[in-house]
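From just these sequences and the hints, can you work out the full model?
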Amino acid sequence: MRPMKKFYLYSVFSAILIVFILTTQCVQSAQVEITISKKIDRKTRVTLLPFFAKDADSSDLLLARELFSVLNFDIRHAGYFELWPKETLPEKVLERGKQYRAMDFDFWINYATEMIVKGTYSVSGSTVTIELYCYDMANRSTLFAKTVSGNKSDLRSLTHSICGAFIEKLSGGRPSMATSKIAYTVKSGATSTLFTMDYDGQNPRQITFDKSLTLNPEWLNDASGLLYVSYRSGYPLLYLKNLQTNNIRLISDKPGLNVTPALSPDGKKIALTMSFNGNPEIYVIDLDGNILQRVTYDEDVDSSPTWSPDNYHLAFVSDRSGTPQIYVADYRTGNIKRVSYRGTYNTSPDWNPIAGSSMIVYSSMYGKNSELYLVDINNGNTRRLTTTLESEEDPSWAPDGIHISYTLTQNYRSYIYFMDVRDGEPVRLTENDVDCRTSTWGPAQ
Amino acid sequence: MGYHRKKKPSEPVEKVTIPEKKPVTADTDLVYYIQLVKKRIYTQWAIPGGLRSQQQVPVVTVSVTILRNGMVTETEYINKSTNELLNRSILDAIKNAAPFPPFPTGLKEESLEIIINFDINS
Chain A
0 MRPMKKFYLY SVFSAILIVF ILTTQCVQSA QVEITISKKI DRKTRVTLLP
50 FFAKDADSSD LLLARELFSV LNFDIRHAGY FELWPKETLP EKVLERGKQY
100 RAMDFDFWIN YATEMIVKGT YSVSGSTVTI ELYCYDMANR STLFAKTVSG
150 NKSDLRSLTH SICGAFIEKL SGGRPSMATS KIAYTVKSGA TSTLFTMDYD
200 GQNPRQITFD KSLTLNPEWL NDASGLLYVS YRSGYPLLYL KNLQTNNIRL
250 ISDKPGLNVT PALSPDGKKI ALTMSFNGNP EIYVIDLDGN ILQRVTYDED
300 VDSSPTWSPD NYHLAFVSDR SGTPQIYVAD YRTGNIKRVS YRGTYNTSPD
350 WNPIAGSSMI VYSSMYGKNS ELYLVDINNG NTRRLTTTLE SEEDPSWAPD
400 GIHISYTLTQ NYRSYIYFMD VRDGEPVRLT ENDVDCRTST WGPAQ
Chain B
0 MGYHRKKKPS EPVEKVTIPE KKPVTADTDL VYYIQLVKKR IYTQWAIPGG
50 LRSQQQVPVV TVSVTILRNG MVTETEYINK STNELLNRSI LDAIKNAAPF
100 PPFPTGLKEE SLEIIINFDI NS
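In order, the protein sequences belong to chains A and B.
In this text, residue positions in the first sequence follow numbering that gives the first Met the number 0: the first is 0, and each later residue adds one.
In this text, residue positions in the second sequence follow numbering that gives the first Met the number 0: the first is 0, and each later residue adds one.
Treat the hints as calculated values from the structure; they're not laboratory data.
From a predicted model like this one, the values you see are computed outputs, not experimental measurements.
Glycine included, every Cβ here is placed at the ideal spot set by N, Cα and C.
There's no promise every hint is true.
Stated by the list, open to error - Output of the computed footprint for chain B on chain A, the stretches with three or more beta carbons under 8 Å from beta carbons of chain B: (1) 38–50; (2) 132–144; (3) 169–182.
Stated by the list, open to error - Partner residues aside, some chain A positions facing chain B, computed with beta carbon under 10 Å: (4) 27; (5) 29; (6) 33; (7) 76; (8) 79.
To be verified - Below, computed lysine-lysine pairings styled on BS3-like, alpha-carbon distance capped at 27 Å: (9) A:151 x A:168; (10) A:151 x A:210; (11) A:145 x A:42; (12) B:37 x A:42; (13) A:267 x A:240; (14) B:94 x A:38; (15) A:210 x A:186; (16) A:37 x B:79; (17) A:151 x A:53; (18) A:186 x A:168; (19) A:85 x A:117; (20) A:97 x A:151; (21) A:97 x A:42; (22) B:94 x A:42; (23) A:117 x A:168; (24) A:37 x B:94; (25) A:145 x A:97; (26) B:37 x A:38; (27) A:168 x A:37; (28) A:37 x B:107; (29) A:336 x A:267; (30) B:38 x A:37; (31) B:79 x B:94; (32) A:53 x A:91; (33) B:79 x B:38; (34) B:79 x A:38; (35) A:38 x A:85; (36) B:38 x A:42; (37) B:94 x A:85; (38) A:186 x A:240; (39) A:38 x B:107; (40) A:145 x A:117.
Here is the structure:
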């Protein structure tokens, strides 16, 4: 029995060994390490929930709808967000959003949204209080919470201000266009009138009332007033209108042209085109009209200056090369260099207001139409922004440095549009029956 | 009746040298297959846009085990992000990229363990 048992044990052991050897030979596994690098190629997905009344008894559907419409416009066009989901949220989901609690994170993550924006309102007499919250799905935290109160008649501007604060926080402190206004002129026969409107095209307000030609609006840095050129006295003179007091002050009345004013980013100087010496040249004056410096000395036409964000350079148009081109002058040394080489008719430059930016947007004739171009003056790289059959001109940067307003002319009528320079989607701001031109985007307020 | 061109005896016979076929090694098959997996996951990876505002995002490392038939059997974090949406985007990318094609015949392994570093900083 003993040898039998020994043989049996040997057999079992050998069988296990064979199976082990076979197994290790067949089930080989290799290990490899790789890296996948990718850049972020989309915007933040944000789900907007309707505004709910804080107290169910004070529910005001019209007010809630207007609040949501302002929020929707501001977030949709801010340039950082993608409204998510694409389709309308079902009633059940909206109800869940209304009762939003921290424990709902998983539910919303499954909805593939990155942020939930939710607002409430309450009305007491003529005062409305708006609260806005943003919940970050990634970190399961409240990213933004702010309350504003004010008169019910200021509902839109209150909502813009709270949305602007939200967008500014999400964009890392970059000014938001949500609280800004756009100045523009409305043409009627041989005259034109200065208007302002909210950046979303709402709330138009007439600024000038003299029946003459009004041109070249330029905002003060705190949006408290507008510089503009008017022919009210028969000559193109520069005026400043205080938007709070409605007081009008004459700034420059030199003989000849006093046009295309551009306020410096520090708010202390105005660069403009004056021709009292017989030829249009760029000058810099103070806010009382005293000449501080002559910038150009050329026998050809120099006009339309725009300041660099550091106050040291001025871009302008000059036809010293035979055709209108964009040049940049060093305000301190007087050195001038040409920055546009593509096209034979380049005008209306506007320097991106973001600190350190070297981007200038301008109009350029392309065939019979004017199109918008962007040039980086550091390397001369030029990009065409518009490709429509209509004419686009007079671009002006928004305070966020990613949007521009401009005039689009179609069938002899002009409208004000804005667009994100990165994706080029145009948004029309003015109505059919008004002929609008020369828009200038104001500062964030 | 077919037409047959008679070969003229005076015509010089052109010598054609057929290049020797490069032997398919397990290594080239492995490199090919890893590139294929990488490409498929890259295409499927939708990075959360909210990360755009963050200065530095730590690399997330995941171990993925693929069988000979291309099926993924195991996905495991080695370095996980504190950002749940980023973690989720990576798992979604692997899930949507799978199943992968079966291993090439030159690849003898029964399974592959691929350590993948997901990097959005470079």
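Hint by hint, here is what the structure shows:
Here's how the region 38–50 of chain A fares: 7 of its residues keep a CB closer than 8 Å to some CB of chain B, so the rule of at least three is met and the hint holds. With a cut-off of 8 Å between beta carbons, the region 132–144 of chain A has 5 residues touching chain B; three or more are needed, and the interface restraint holds. Check result for the region 169–182 of chain A against chain B: holds, 3 residues qualifying (beta carbon to beta carbon below 8 Å, three or more required). The interface hint given for residue 27 (chain A) holds, since its Cβ lies 5 Å from the closest Cβ of chain B, which is under the 10 Å cut-off.
Hint status for residue 29 (chain A) relative to chain B: holds, with the closest Cβ pair at about 5 Å, below 10 Å. The beta carbon of residue 33 (chain A) is positioned within 10 Å of a beta carbon in chain B (closest approach about 6 Å), and the interface hint is therefore held. Among the interface hints, the one on residue 76 (chain A) is violated; its C-beta lies about 16 Å from the nearest C-beta in chain B, farther than the 10 Å criterion. Hint status for residue 79 (chain A) relative to chain B: holds, with the closest Cβ pair at about 8 Å, below 10 Å.
This hinted pair checks out: residue 151 (chain A) and residue 168 (chain A) have alpha carbons roughly 26 Å apart, not beyond 27 Å. Between residue 151 (chain A) and residue 210 (chain A) the alpha-carbon distance is near 34 Å, which puts this suggested pair outside the 27 Å criterion. Between residue 145 (chain A) and residue 42 (chain A), the direct Cα distance comes to roughly 23 Å. Compliance with the 27 Å bound is thereby established for this hinted pair. A distance of roughly 24 Å separates the Cα atoms of residue 37 (chain B) and residue 42 (chain A); the hinted pair therefore holds under the 27 Å criterion.
Between residue 267 (chain A) and residue 240 (chain A) the alpha-carbon distance is near 16 Å, which keeps this suggested pair within the 27 Å criterion. This hinted pair checks out: residue 94 (chain B) and residue 38 (chain A) have alpha carbons roughly 20 Å apart, not beyond 27 Å. Taking the CA atoms of residue 210 (chain A) and residue 186 (chain A), the gap is about 11 Å. The hint holds against a cut of 27 Å. A hinted pair counts as satisfied when its Cα atoms are at most 27 Å apart, and residue 37 (chain A) with residue 79 (chain B) qualifies at roughly 17 Å.
For the suggested pair residue 151 (chain A) and residue 53 (chain A), the alpha carbons sit about 16 Å apart, so the restraint of at most 27 Å is met. For the hint linking residue 186 (chain A) to residue 168 (chain A), the alpha-carbon distance of about 39 Å lies beyond 27 Å, and the restraint is violated. Our distance criterion of 27 Å between C-alpha atoms is met by residue 85 (chain A) and residue 117 (chain A), whose separation comes to about 17 Å. For the hint linking residue 97 (chain A) to residue 151 (chain A), the alpha-carbon distance of about 23 Å falls within 27 Å, and the restraint holds.
As the CA atoms of residue 97 (chain A) and residue 42 (chain A) are separated by approximately 25 Å, the hinted pair is consistent with the 27 Å bound. Distance restraint check for residue 94 (chain B) and residue 42 (chain A): the Cα-Cα separation of roughly 22 Å lies within the 27 Å cut-off, and the hinted pair is therefore satisfied. For a cut-off of 27 Å, the pair hint linking residue 117 (chain A) to residue 168 (chain A) stands: about 16 Å separates their Cα positions. Distance hint between residue 37 (chain A) and residue 94 (chain B) is fulfilled; the C-alpha atoms sit about 18 Å from each other, no more than 27 Å.
Restraint check for residue 145 (chain A) and residue 97 (chain A): satisfied, since their Cα atoms lie roughly 17 Å apart, inside the 27 Å limit. With a C-alpha separation of about 15 Å, the suggested pair residue 37 (chain B) and residue 38 (chain A) falls inside the 27 Å cut-off, and the hint holds. Between residue 168 (chain A) and residue 37 (chain A) the alpha-carbon distance is near 25 Å, which keeps this suggested pair within the 27 Å criterion. In summary, the hint linking residue 37 (chain A) to residue 107 (chain B) is not supported, as the alpha carbons are separated by about 31 Å, beyond the 27 Å threshold.
Annotation: proposed proximity of residue 336 (chain A) to residue 267 (chain A) holds, straight-line Cα distance about 25 Å (limit 27 Å). A threshold of 27 Å between alpha carbons decides the hint, and for residue 38 (chain B) with residue 37 (chain A) the separation of about 11 Å falls inside it, so the pair holds. Between residue 79 (chain B) and residue 94 (chain B) the CA atoms are separated by roughly 17 Å; this keeps the pair inside 27 Å, and the hint holds. Restraint check for residue 53 (chain A) and residue 91 (chain A): the C-alpha separation of about 19 Å stays at or below 27 Å, so the hint holds.
Of the supplied pair hints, the one linking residue 79 (chain B) and residue 38 (chain B) holds, its CA atoms being roughly 22 Å apart against a limit of 27 Å. Our distance criterion of 27 Å between C-alpha atoms is met by residue 79 (chain B) and residue 38 (chain A), whose separation comes to about 19 Å. Restraint check for residue 38 (chain A) and residue 85 (chain A): satisfied, since their Cα atoms lie roughly 23 Å apart, inside the 27 Å limit. At most 27 Å may separate the alpha-carbon atoms for a hinted pair to count; residue 38 (chain B) and residue 42 (chain A) meet this at roughly 22 Å.
Note on residue 94 (chain B) and residue 85 (chain A): the hinted pairing holds, with a Cα-Cα distance of about 23 Å set against a maximum of 27 Å. For the given pair, residue 186 (chain A) sits about 19 Å from residue 240 (chain A) by alpha-carbon distance, which is consistent with the 27 Å threshold. For the proposed pair residue 38 (chain A) and residue 107 (chain B), the alpha carbon gap of about 35 Å is over 27 Å, so the pair is violated. Taking the CA atoms of residue 145 (chain A) and residue 117 (chain A), the gap is about 11 Å. The hint holds against a cut of 27 Å.
Going down the numbered hints, you'll see the structure goes against 7, 10, 18, 28 and 39, while the others check out.
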